[in-house]
Amino acid sequence: MAESKSLRVAYGEALEQLGASNGKIVVLDADLAHATMTCLFADKYPDRFYNMGIAEANMVCAAAGMAHSGLIPFVSTFALFGAGRAYEQIRNSVCYSRANVKLGLSHSGLCVGEDGGSHQAVEDIALMRVLPGMTVLVPCDPIEMVKAVNAAVHINGPVYIRVARPVCDCITKEDAAFIPGVANVMRNGADVSIFATGLMVSQALKAALLLEEKGISAAVVNFHTIKPLDVATAIEFAEKTGAVVTAEEHSVIGGLGSAIAENLVGKTGAKFAMVGIDDRFGRSGKPSDLFEAYGLTAENIAEKCIGLIQ
Amino acid sequence: MTTPERKSKSAELRKDILTMLYRCQSGHPGGSLSVLEILMALYYDVMNVRPKEPQWEDRDRLVLSKGHAAPALYAILADLGFFPKEDLAGLRQLASHLQGHPDMHKTPGIDASTGSLGQGASIAGGLAMAAKQKNAGYKIYAVLGDGELQEGIVWEAAMSAAHYRLDNLVFLLDHNGLQIDGSNDKVMALGDVAAKFKAFGFHCSRVDGHDADAIANALRQDSDGRPKFIDCVTKKGKGISFMEGQYGWHGRMINEDEYKSAMNELGGVS
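Heads up: the protein sequence lines correspond to chains Z and G, in order.
Just so we're aligned: the first sequence equals residues 1 to 310 in the working numbering.
Just so we're aligned: the second sequence equals residues 1 to 270 in the working numbering.
One chain only, chain G, in its complex shape (with noise of 0.2 Å):
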């Protein structure tokens, strides 16, 4: 993807994911926003998935761990066409496929229900697992946010990583800063987390997480048979300038005015 088309599907997906978030009336926006370039590299980039097949054996997968971010996704794999994007006017209700989080057996190319924090980690870790038990070359990316390493199964999940040389798994942090009651450092700071997965025994690096060239790169980076940690610094709510470093808007309703406000933000309704 071109920078010029990665900025107007970057704009668009941004308007698919507050458009859902608008209908539904609950969700959660400013990480939805702010993991979006992470997704966007991941499946515009880098991994190898068939939109009419979801469930091809050779896929790489993708375990969306802070699961509260799945309108992102949800706008992603409709834009791919994993489902039709009409679906993504369900999000949330009864009768539709999309749930609050991400439900591998309703909706087409979600690889691991989520939700519960900390729990995608480990089992991307079993997935990476299988695969090598399979002697299958996919890879296995785990999408996670900074509030969850706070949950104590990521580091379990990351001692197990290491030990069986999980060189197939990659960790990527939506580092935003924020979590429900305030930042990071307020609630539970997390110090130098890339420091943490380096001595746990992972090849790290540190990239701009809005910058998805940027991702994409440290992603094919070769980790030396070790498994992968990328940090991606990013921004709560992304792309709305009032929605931008507030935690406020982890879940927080959008009215009326704001939908119009950030819709023009982003170029008007489409």
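Looking at chain Z on its own, in the form it has when it is part of the complex (with noise of 0.2 Å):
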């Protein structure tokens, strides 16, 4: 297996390797370089790193400057003060401009742990997602989160990462596909299907054990991709087992449930359930205990699947 390790290590690890194969490549960061690693990035290549102070805005609108002059911008803060707070100049400087940027913004949901509820950005997915021309990631593992970065590269406009801070066993394999709005099948199933993003993947596997044990066969989709939606795989794992449970850690308002219902309803006549964060925010304490208290375990899942099934 390889080795485990914090997703914005791999985020800055595979942009340093980018650095030295594509010379485009530019990075800016809201001196947050040494917590969202750019610092790999800006130790080898000082002169395509730009360290913008702490000014989302203006980082992203200059990122969309550099972008309509040809060089390939990674723009990199905390997700919260990228898709947050430099919101509309994400809307209007960078997507509505069709601006090639792309937004590595670190720190996502509730694995922020400490720091509290006023960092964790839990309501990232759904801001970026309805932007139109935006693409969306959310990748599971440090496998997934350089392929995810060198995938941004060959997408000729605006992505968004979500880079996720805590440290992740690999649970996708090295040469396993990742294209973008192609969800990843990461275990059949006849009774119910899973479709997990970002750090919800390995609990949804988990998940599935636990309904093994109880002799429920349940599928887990990857859906690495929240926009373009892979919807065809969707609407196929949700006729073929009549369940869907969704999960991930992110507000259940406009997230990867919510796109997935908007592509359900209508369509297949599954039941449908989600895991995710109620409306609300987050709160200070370890990321173990968080994701206990709000939910986003494997038990939680299994519960639900089970609700769905009965």
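In short, the hints are calculated from the structure, not lab data.
Here a beta-carbon is modelled for each residue, glycine too, at the ideal position from N, C-alpha and C.
Just so you know, not all the hints are guaranteed correct.
Said to hold, decoys possible - Stretch-level coverage of chain G by chain Z, calculated; a stretch enters the list once three of its residues show a Cβ under 8 Å from a Cβ in chain Z:
#1 99 to 112
#2 128 to 137
#3 157 to 163
Stated by the list, open to error - Label pairs and their in silico Cβ distance ranges:
#4 Z:G84 to G:V187: 23 to 33 Å
#5 Z:G84 to G:K106: 50 to 60 Å
#6 Z:A232 to G:K186: 18 to 28 Å
Taking the hints as your guide, dock the two standalone chains into a single complex.
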């Protein structure tokens, strides 16, 4: 099994590698290079790294100007201050302008932990996926993170990459395909389908094992791309199993669950439930304690699955 | 451009602007008229552009950060041949490429999509940083409104422009003193803007914003390795007696009598 590591470290290493092969890559950060791990790129390619200070709005628009000039800027800060604070800059100067800007925003979701609700973006997927032209990638492990960063370079247009902070085991394979917009089936099943994204993919796999012990066959589909959504695969599994539970470390409003619901309603008769953060903010705590307190667990996913099919 | 040529050109462009706005019965007359000589100095005297090759790599770039003054820019771009002058008749209409605010993907000659105030300053900064990254010699000009300076992002952009020593970047301020709700002083006083930009590390100058020669001269000054700020003192609604200095003309529609009277002031319908 490949080495466990933080997704932000995997992100930083992927950028560092890309820097060698692609001279158009520039990286911008807002005084968080040692937290987002863009410092790895900065150390190696100081001439292509711009610390923009604690000024996210300017950073996003400046990146748009660089993209208009043929460069490929990767913008990093915490998800809340990029997708949140600089939302309208992303909306107008990046998406409306169709600027080839990549937003690799870290410290998303509850896994930020101790810093608390002011720093935990639980709404970033919703904000980013509503923007026309934006691709939204949510890698689930270090292997997918590297693939997501590389895939983003090959997309001509804005890409949002959600970068989680904790150390993660590798649950995907190096040789597995990573095609933006194509969900990865991690496990087949007949009774219920779990559609998961990001850190919840590993919880979904654990949930499938719990269900297996009870004689329930659960499929697990990894939606590493929230937009464009792999609607065909979603419908296929909804019809095949007749029941869908979504799982995400994000508000249940506007995230993966919402995106799936938007596309299943009226198209399948599958039963449906969501695991995610109810309409509330996060709070301080150890990430594992927070996941427990907010129901982001394998047990809760399994329970939701059982509730649907009984 | 000689002074008489400039005079007749500015009257002609003002007529184009008013005709566009009168036809579509929406848009922003006041700021489109105040910014005109600033854009004329840039496009007719200073900037290196190719109307038949709008994406020419080495062109100078213009970011109209006060994007609501788009009609002035459209009139000039049409005059230079970036697109046919007949297109002006479609301003703000569904089938037209001329959007209410500049759109770089729809209109030839537009270097940045703007309209959300303040963002153009930062986009221009990014264009200037990219030019330096690529060792390209072209320059980037951003035209800002005075009310726009109330946006915090402008000062973020100013700070980073000085930090990265963007001597290829010029901010020009269309300083007409008025914004939608009244004077700058009444709404949110700007204080000494040149002193503020100077404190941020800019080379600053102040000129009559309706004297294109003076603006062009200020643009040609050496900035000693610093980004440049030119405070262009203008009159909102310049050129039309009943619009001049009236904040109500920021976004007011022009009726038939007003249109005729304005065109008469400019020498009649051409």
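Verification of the hints:
Interface restraint, the stretch 99 to 112 of chain G with chain Z: holds (4 residues with C-beta to C-beta distance below 8 Å; minimum three). Coverage of a stretch by a chain is defined here by at least three residues with a beta carbon nearer than 8 Å to that chain's beta carbons; for the stretch 128 to 137 of chain G and chain Z the count is 6, and the condition holds. Coverage of the stretch 157 to 163 of chain G by chain Z holds. Counting CB-CB distances below 8 Å, 4 residues qualify, and the rule asks for three or more. Taking the beta carbon of each, G84 of chain Z and V187 of chain G are about 28 Å apart, inside 23 to 33 Å as hinted.
Checking the proposed 50 to 60 Å range against G84 of chain Z and K106 of chain G shows it is violated: the Cβ atoms sit about 29 Å from each other. At about 58 Å, the beta-carbon gap between A232 of chain Z and K186 of chain G misses the expected band of 18 to 28 Å.
In summary, the numbered hints that this structure violates are 5 and 6.
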